[in-house]
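Trainee: Sequence:
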Amino acid sequence: MKLKLKRPLAFFDLETTGTNIGADRIVEISVIKLHPDGSDEVKTWRVHPGIPIPLESSLVHGIYDEHIQNEKRFHELGQEIAEFIGESDLAGYNSNKFDIPMLMEEFLRAGVDFNLDARHFVDVQNIFHQMEQRTLKAAYQFYCNKVIENAHSAEADTRATMEVLLAQIERYENVEWEDKKGNKLVPVVGEVEALHVFTNLSKPVDFAGRMVYNEQGEELINFGKHKGKRVEDVLNVEPSYYSWMMQGDFPLYTKRKLEEIYNRWNAKRIAERQANKAAQSKPAEQQPVAPKPEYQKKEFTKPDHTRNPNYQNKPFKKKEEPAKPVDEDMLQQLALKFKKG
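Residue 217 in the UniProt record's numbering sits at position 217 of the sequence shown; the count goes up by one each step and never skips.
Keep in mind that the hints were calculated from the coordinates and are not lab data.
Glycine is no exception: its CB is placed at the ideal position from the N, C-alpha and C atoms.
A few of these clues could be false.
List time: in silico BS3-like cross-link candidates among lysine-lysine, alpha-carbon distance up to 27 Å [said to hold, decoys possible]:
(1) Lys-180 x Lys-33
(2) Lys-146 x Lys-4
(3) Lys-146 x Lys-180
(4) Lys-137 x Lys-229
(5) Lys-203 x Lys-181
(6) Lys-2 x Lys-43
DEER-style ranges, computed between Cβ atoms [claimed, not checked]:
(7) Trp-244 x Ala-23: 14 to 22 Å
(8) His-67 x Asn-266: 45 to 53 Å
(9) Gly-18 x Glu-260: 24 to 32 Å
(10) Val-186 x Gln-247: 44 to 52 Å
(11) Leu-201 x Glu-238: 24 to 32 Å
Hey, can you work out the whole structure from these sequences and the hints?
Mentor: So, in structure tokens, the structure goes:
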């Protein structure tokens, strides 16, 4: 086997009530756990979804309400499924956009602790679409020269997915691929880390693709009016956008990743406020005071009039002005002043 594994790689496939990650439920899950020594383990669970299975979905995967009426709910099976997958990396067909976020939605809803942070994810469909651009049925025919028996059953699709990946590694050994920037590389190799990079070129933050990473590793909004903007920039200008998403019909895992970003952004904002507050409360550095110029006391000298021979010490006399002649206005004022009664 040319696929070199450092730890198990869990191939899995889901059959569901529909394609709405936030509202639909799993009705069947099959996991093939491929070990580094080439051996594998298989487990399949039928799940009661708690809601009716739409006819259009049943026509695709062949599972009807009567088939799952006596099965356990996901919250009863979630811990068992998580323990079987263990610390495995994850692989599937269109798993990055659908199966992983759907599975995480069920784990979160059931309160099962299943951490994705340290895992690698290999989406076989991404390899296929980027190298050949076909469907799973065509991929199985193209790479394995076989026809899927019992197509759209979880185990048949899961096994076909595993065989397609092994055939892809054989087929594309030393085959060059050119990315959008014109860089040529050999992406399909027997290393899970390299396959993880190649099948996660869009770099989603939350698998549902509502947020993606840019080349600098910063989270961007990937839908709606803020598409292409940094999440932190959106929070700076429209903090209510966080509440809108948290209360909206978004997958729980999308909300979890958004909450992580919000908490990081809020912690930075609080730290900045505290730093500004500390800077404002700190006394300003005293500037050196320039010394005042030394006062030069002048000696007072009483004027000596005797030195001026023309000076005459005469008494002060008020300047007298000539009396004004009595006119009609003055007589009227005097009459009003001394008027009796």
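Trainee: Each hint: holds or not?
Mentor: Status of each hint after checking the structure:
1. For the proposed pair Lys-180 and Lys-33, the alpha carbon gap of about 34 Å is over 27 Å, so the pair is violated.
2. A C-alpha spacing of about 25 Å is found between Lys-146 and Lys-4, which places the hinted pair at or below 27 Å, so the restraint holds.
3. A C-alpha spacing of about 33 Å is found between Lys-146 and Lys-180, which places the hinted pair above 27 Å, so the restraint is violated.
4. A threshold of 27 Å between alpha carbons decides the hint, and for Lys-137 with Lys-229 the separation of about 38 Å lies outside it, so the pair is violated.
5. Proposed proximity of Lys-203 and Lys-181 is supported: the alpha carbons are some 16 Å apart, at most 27 Å.
6. In summary, the hint linking Lys-2 to Lys-43 is supported, as the alpha carbons are separated by about 24 Å, within the 27 Å threshold.
7. Under the hint 14 to 22 Å, the C-beta atoms of Trp-244 and Ala-23, about 18 Å apart, fit the expected range.
8. The hinted window of 45 to 53 Å between His-67 and Asn-266 holds, with their beta carbons roughly 47 Å apart.
9. Under the hint 24 to 32 Å, the C-beta atoms of Gly-18 and Glu-260, about 28 Å apart, fit the expected range.
10. Checked against the hint of 44 to 52 Å, the C-beta distance between Val-186 and Gln-247 comes to roughly 46 Å, which is consistent with it.
11. Range check, Leu-201 to Glu-238: Cβ separation about 29 Å, and the 24 to 32 Å hint holds.
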